[in-house]
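A.B. asks: As a plain string of letters, each chain reads:
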Amino acid sequence: MSSKQEIFNALKSVAIEPQPMPCFDIAPRIDDLVGQFEANLTTVAGTLHRDGGLANLQATIDKHIAQGMQVISMVDGIKGNREVTATAHELRDIDYAVIPGDVGVAENGAIWVNNKNLGHRVTPFICENLLLVIEAKSIVANMHQAANLITLAPGEFGTYIAGPSKTADIEQALVVGAHGACSLNVYLT
Amino acid sequence: MKIALFIPCLVNQMVPEVGIATLELLEKLGHQVILPAGQTCCGQPMTNSGCFNEAKKTTLKLLNAFKGVECDAIVCPAASCLVAAKENFHEFDDSPEAQAVIEKLYELTEFLHDVAPIPAFSKPFPHKISLQMSCHGIRMLDLATPSEQMGPRMNKFEAVLAAIPEIDIVYPDKPDECCGFGGTFAVDEGAVSAKMGKDKAQAHAATGAKYAVGFDPSCLLHIDGMVRRQKLPIETRHIAQIINAAL
Amino acid sequence: MSTSTSNVHAHKAEIFCRDESRVDWHSKALWALREKRDRAAGSIPEWEQLRQIGSEMKLHTLSHLADYLEKFEQNCIKNNISVHWAKDGAEHNRIVHEILAKHQVKKIVKSKSMLTEECHMNPYLEERGIEVIDTDLGERIIQLAKMPPSHIVVPAIHMKKEEVGDLFHEKLGTDAGASDPLYLTRAARRHLREQFLSADAAMTGVNMAIADKGAVVVCTNEGNADMGANLPKLQLHSMGIDKVVPDLDSAAVLLRTLARNATGQPITTYSSFYRGPQDGGEMHVIIVDNGRTDMLKDKILAESLKCIRCGGCLNTCPVYRRSGGYSYNYTIPGPIGIAVGAQHDDTNSIAWACTLCGSCSYVCPTKVPLDKIIHHHRRLKAEAGKLPYGKSNYMPLVGKFMASETALNCSMAIARTALRMLPGSLLKPFSGAWGKYRELPVAPNSSFEAWFKKNRG
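Chains as they are written, first to last, in our numbering: chain Y, 105 to 293; chain E, -9 to 237; chain X, 66 to 522.
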């Protein structure tokens, strides 16, 4: 008998009575979504740029490039100085990655990104600094609403990103910048 | 009301003053109080150790002491024993007579809050008291909202005492963290139990209160042992003693 | 003293308690997490509703587990994900090794997975010439120190920064005496970047497996799971059968409570959904039983499989905070460690490392009734004749003694007299652990019953 069969046989003796699926009727907090989003993004060590949109972002990037930084942009209309590489590993020296976010979540400051917009899946993690672009109108109240809006087609990868990477594994002291990006700036359009 | 006292063995043998205060305060409130004979241990030391067979005899004996006793309520000045009695009666006897006993069981604070509230106190109690929020009363008898739970707060223990004139109620740090008594835990896990008890005793003393007041005599006995070992300037009291002094 | 006696929880805890300032430090660090959790939970009005829904959703899934696992596998296959089934840890390790051997993997980077700890996978692979690099900072610290995790979310919580500094100086060449967490974390970042970039394969645990999508969800704050899984072409994910949830909505409920309950964050930095391998890559999911179906056969123990491994119960547990993660004789310590580990505990003591205070059950984001499960374990142990601390000898006596009013009254009268008359120095040796740490009770003159007869009789 295969191990799968053995496990399934054992599952015939589950002692829990069949339970119905509960109803997820949770009222969303819909006041000032951008304000909520900004407050929560701040608590997860990210920064929101409400004004200036893409022009502001491009100006910032131009400054970085002038300083010799390596910038890759996956956002239409934003120009960096690097293209998508042949292998994921070649992204190791990227200083700034600019990536479009699909859905923002007000309750926790998280932004959903889908691998269609990443080039390589590792892009938002391997870059030293991450810049996410999100439309104000795509910010929703909570994770329940986000679950109905995110795209994750068969074979795809997607991730909620809430702030820069961080750790508190040494004596519970918060250190921003663990293995993923060391900073996160979010540009609202 | 006609009240039958359920006096757990620990109260009977080691802290009779808690039983006396309970009796006196209920009488002052105009209740008729009786003490059914033949009360034994609720079986908690055994069932909490997993030893249900060993608990059966004493539990049923205690249950029998109350079966058929004519009364409106059975009141117990020890939350943990009361919870154990309820659970163990149910475990070992599913008869309607047992159910009738279980339905009349009340912990003293619960009784004074839910069933027969105190109309008025006649004397002030001009002292600072630090409330000992023992686990089983809080988390199994719903005497107060546990700190882990979110949403609206409720606290019957404080509500009953707060009506006493001039009383000053405070809380220790981590108000409903376990004191470390835990029945046989106090002996099986002596070092951890003692550390928990020491932390709890110090937290009560740090409030500057004159008394640490609780509804569970077993926790109070443990905390009292820690208080005296560390020579802390605080004494333990049972809620019945405070209320009795104010009536 | 037999091995089992020296390994009992109480003995290990007593050793931990000898350094009181360290106990205070340990307890405070964990309580800080509990306080952060309280603030995070309190900030969303629907917290208790989420716990209830989380609990019901998990119970629903567990009660239809075969259906959801089947659905999950079918959908994974559609997404080009290979699914493997392992009935125990040994089979899990064998499957992992076969996959790695087929690809000639020399080095694998791994993000936190309590399941691979449970299966003792690292030594198995290392014995077969595969280098396993734990990439979560806390996990890497304890791996370099050759220690197991002492907490399921913050595995190196028992170590002081100076100790990490010394370890990194020796292993990673950081400056001698340097103990600044920022400096040490940056050193680990540089060290682990090289590992990610040179790994042949990556492995992660699984926080949730989504049945109707055929996707696994992996949550980290450090980004180590995603740096691992998205660089090499081979990715493996190990999960217990209890990790499956019906759909994205269900995962959303747990994502709302997981990080809030663990560390007080509104969500982990990365919550990544893998619904297939990267272009040209391979993705494997290994689904493990290892005793879980046995637990499901017991109605009370089954509820422990609602657990989402947030670690909240450890942080609130007054015993765990004062006895440390290494006192539990199991990979997972604290209340949930007792719940899922007591049946493996040869010392039969961890089920008693608990005051039954119930704080864990109220903290739990899926309402696992931990105190009831621990209590139930004691009953199972007693029924199997496996009681610790001499209970099998004295409990029958206590039972008889307590049931007899005469015996109880006579002996307690003698005890009260002894407590009043004899000096403490003479009594203490007979009072065991009670008198070692506390003053003995002040004994009254008579019992309440005697007083009642005299005054009301």
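Since the hints were derived computationally from the structure, they do not count as laboratory data.
Careful, some of the hints might be misleading.
[Stated by the list, open to error] Heads up, incomplete: computed chain X residues facing chain Y, CB under 10 Å, no partners named:
(1) ALA324
(2) SER337
(3) LYS364
For glycine and all other residues, C-beta sits at the position ideal for the given N, C-alpha and C.
A.B. asks: For every hint, state whether the structure bears it out.
C.D. replies: Now the hints, each set against the structure:
1. ALA324: 8 Å, holds
2. SER337: With Cβ-Cβ at 4 Å, under 10 Å, it holds.
3. LYS364: Hint on LYS364(X): holds, closest Cβ of chain Y at ~4 Å, below 10 Å.
Consistency with the previously given hints is maintained throughout, with no hint failing.
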